[in-house]
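Top line first, the protein sequences correspond to chains A and B.
Residue numbers for the first sequence, in the UniProt record's numbering: 1 to 379.
Residue numbers for the second sequence, in the UniProt record's numbering: 1 to 298.
Hints are computed from structural coordinates only; laboratory data are not their basis.
C-beta atoms are modelled at their ideal positions from N, C-alpha and C, and glycine is treated no differently.
Hints should not be assumed to be uniformly reliable.
Lysine-lysine pairs mimicking DSS-like chemistry, simulated, CA-CA at most 30 Å apart [to be verified]:
no. : chain 1 : residue 1 : chain 2 : residue 2
1   : B       : K105      : A       : K96
2   : A       : K199      : A       : K24
3   : A       : K91       : A       : K24
4   : B       : K53       : A       : K91
5   : B       : K53       : B       : K257
6   : A       : K96       : A       : K24
Each pair of labels, with its calculated beta carbon distance range [to be verified]:
no. : chain 1 : residue 1 : chain 2 : residue 2 : range
7   : A       : L92       : B       : L125      : 55 to 61 Å
8   : B       : D188      : A       : R277      : 39 to 45 Å
9   : B       : A153      : A       : T81       : 52 to 58 Å
10  : A       : A59       : B       : R189      : 40 to 46 Å
11  : B       : L279      : A       : T123      : 23 to 29 Å
12  : A       : V29       : B       : L211      : 47 to 53 Å
13  : A       : G126      : B       : L279      : 37 to 43 Å
14  : B       : R189      : A       : V327      : 27 to 33 Å
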Amino acid sequence: MAEFGVVTPSVEVAGVKQPTATGKALSVVALRKTYGDVVAVDEASMEIAAGEFVTFLGASGSGKTTTLMMIAGFCEPDSGTITVGDRDVTKLAPQKRNLGFVFQQYLLFPHMTVSENVAFPLTLRGVPKDEIRRRVGETLEIAGLSGFGSRRPRELSGGQQQRVALCRALVYRPPVILMDEPLGALDKKLRDQLQIEIKTIQQELGLTVIYVTHDQEEALVLSDRIAVMRNGLIEQFDTPRELFERPRTPFVADFLGAANFLPGRVLQNTDAHTVVRLDQSGGLLKARRHDLASGTPVKVAVQPGRLRACAPDDGFCTGTVEIATYVGTLVRAGVRIDGGDAPLLRLEVPAGRGPVTGERVGITVDPEDVNLFPTEQGG
Amino acid sequence: MAATLTAHAPARPRKLLASRKTRVGILYALPVVVYLLVLFVYPIFSTLFLSLKNTDGSLTLHWYVDALTGVNLSVLFTTLRISAETALFSLVFGFILANAISRLKPLWAGVAMLIVVVPHFISALVRTYGWIILLGDKGLVNQAMADLWVPGAPYQLLYNEIGVVIGTTSVMLPYTVLLLYGVMRGVDRRLLAAAASMGAGRLTIFRRVYLPLVTPGLASAGLLSFILSLGYYITPALMGGPKQTMIASLINQQVMKQNQWNGAAAEGVILLLLTFAGLLLVKVITSLGASRKKRSAS
């Protein structure tokens, strides 16, 4: 594998991402794109290190695909710059950028065999025939497609076609490979399998990948870092762990963690904790220390998996289990909190110790797992 | 009544139904079968028979020998040459036109297609005379060239092969444009974007991705205009000279002027065989291309 370049994965130290800085592969500065009055991408900036797997995550219309298309050169930004390595490619045509691109619809050339498809970018670069044969063979082997070389794309399944497309994008070692929802057209099981394959290949070969998806789980499985996008803005660009445990906006907390939100007001700060009085139950909830003045109205965000059921008087609030569904390893419960008609509080607890419908429970949580977001006055 | 019916039921109703279906089916097909037998199969076989019949009623290949020697043979070659030229030019212009139209927005593409196709609905005779007016010594084309001091103008654009090919090409153009437009619309433009993302320049994309994808359409469009030109009559007769006599004109002369039905029948059979040969040729070429692809890949 050595000939494929130095593997430079990013490492995580105590939940904080530290790229093993072997140089940046790509950087985007203040990228902006509008369609008429609609701002598709608003001043997006980021730096991506070599060997990093970065995902643009967002719903449709969030600007993730537009950003990718601008990096690829299929779409021209209104302003901003795109740099690959040390080369400013902002104004270059797609064919001059030397990037790899994997499309959702595979887009294999139907008139070429699998081998010819994978060899295509190499023939463009004037690679000698023997070397083309060797590299195509090697690449197909990595993707588990040895023996499929003489087949036509239409003779392959969707998963196999996407593997070929992946081979075609990485065979010429572009500094960055862009992938636009490459697994979007496949069924769940195949998607899970290919996610692992893509991740393995990326790590083995030390590829720098920018991946676009709307699937949170997929983003978490694959990425070193995720850029959560909404309405053309990057809400947060961080490691999956950071995004999950330290979301910077309520949107991120909701989008990735499907968090419960409880309105409250900061009561006081101690050295390690911030105490919040909840509006609905009047209960006191201890969160890790936030720099918020007492009296600040806040939204308390806690993920369903971090809440625990306890004896009715031990928690920060009490309620009645209204629904409890067994989903294999977990029990998902909805708890109606006393003193109001807020949405059900969602809990995910290990199966077996799960609460049952109708039970009176208290709810407790580790202060470390609580995130507070100040709410705008009147909002 | 109901009881007796159910008692007899198991096998018979289904069988009855089946045979009834077949009988009805034959009844439905009958008009078409009769139509084809009377108007297609019978004339072809009687033409074939006519071409093999001697004046005294015995069988002979005399008419074929006649058709494939001397002036008749050169007419045959002229027909093939003019048809090939027509196919080539209508293919080239058809490609350029269809390619341009396929890049237009749907509304404008529709308008453009209309402009291409409308001349086809005008009588061939009228169209041909239109060309004659345009291409004559004092016609618009020569006049314009003379005014622009084009050296050598006026050119002889009528009653020679140039005139015939201009005429037949204009007749065949709607066919090639329609056919190629359909094929080009079917090409997934994102494939071209994919090729660009891998570093292919415009020329490479055209040559290695676009062209191979539209080649089947090119082959069928070229073949179609070639075959249609083989039997084309009015335009070559009016816009060509004696040297541009094509096989259809020859048949016409034999029947109308010489009352020579047997010879004309032989020419007709040859025309039919040429058409089949053309079809076979394209089939062979495409299958050869496919097997070559397969071999080079493995």
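Hint check:
A threshold of 30 Å between alpha carbons decides the hint, and for K105/B with K96/A the separation of about 28 Å falls inside it, so the pair holds. At roughly 20 Å between alpha-carbon atoms, K199/A and K24/A fall within 30 Å of each other, so this suggested pair holds. With a CA separation close to 20 Å, the supplied pair K91/A and K24/A stays within the 30 Å bound. Note on K53/B and K91/A: the hinted pairing is violated, with a Cα-Cα distance of about 77 Å set against a maximum of 30 Å.
Taking the CA atoms of K53/B and K257/B, the gap is about 20 Å. The hint holds against a cut of 30 Å. Of the supplied pair hints, the one linking K96/A and K24/A holds, its CA atoms being roughly 19 Å apart against a limit of 30 Å. Taking 55 to 61 Å as the suggested C-beta distance range, the pair L92/A and L125/B conforms, at roughly 57 Å. The hinted range of 39 to 45 Å is not satisfied by D188/B and R277/A, whose Cβ atoms lie roughly 60 Å apart.
Separation of A153/B from T81/A is about 57 Å and conforms to the stated range, judged on CB atoms against 52 to 58 Å. Between A59/A and R189/B the beta carbon distance is about 26 Å. The supplied range of 40 to 46 Å is therefore violated. Between L279/B and T123/A the beta carbons are some 34 Å apart, a value that contradicts the proposed interval 23 to 29 Å. As the Cβ distance of V29/A to L211/B is approximately 40 Å, the hint placing it in 47 to 53 Å is violated.
Range check, G126/A to L279/B: Cβ separation about 41 Å, and the 37 to 43 Å hint holds. Between R189/B and V327/A the CB atoms are about 44 Å apart, so this pair departs from the stated range of 27 to 33 Å.
Violation of the numbered hints given earlier is confined to hints 4, 8, 10, 11, 12, 14; the remaining hints are satisfied by the structure.
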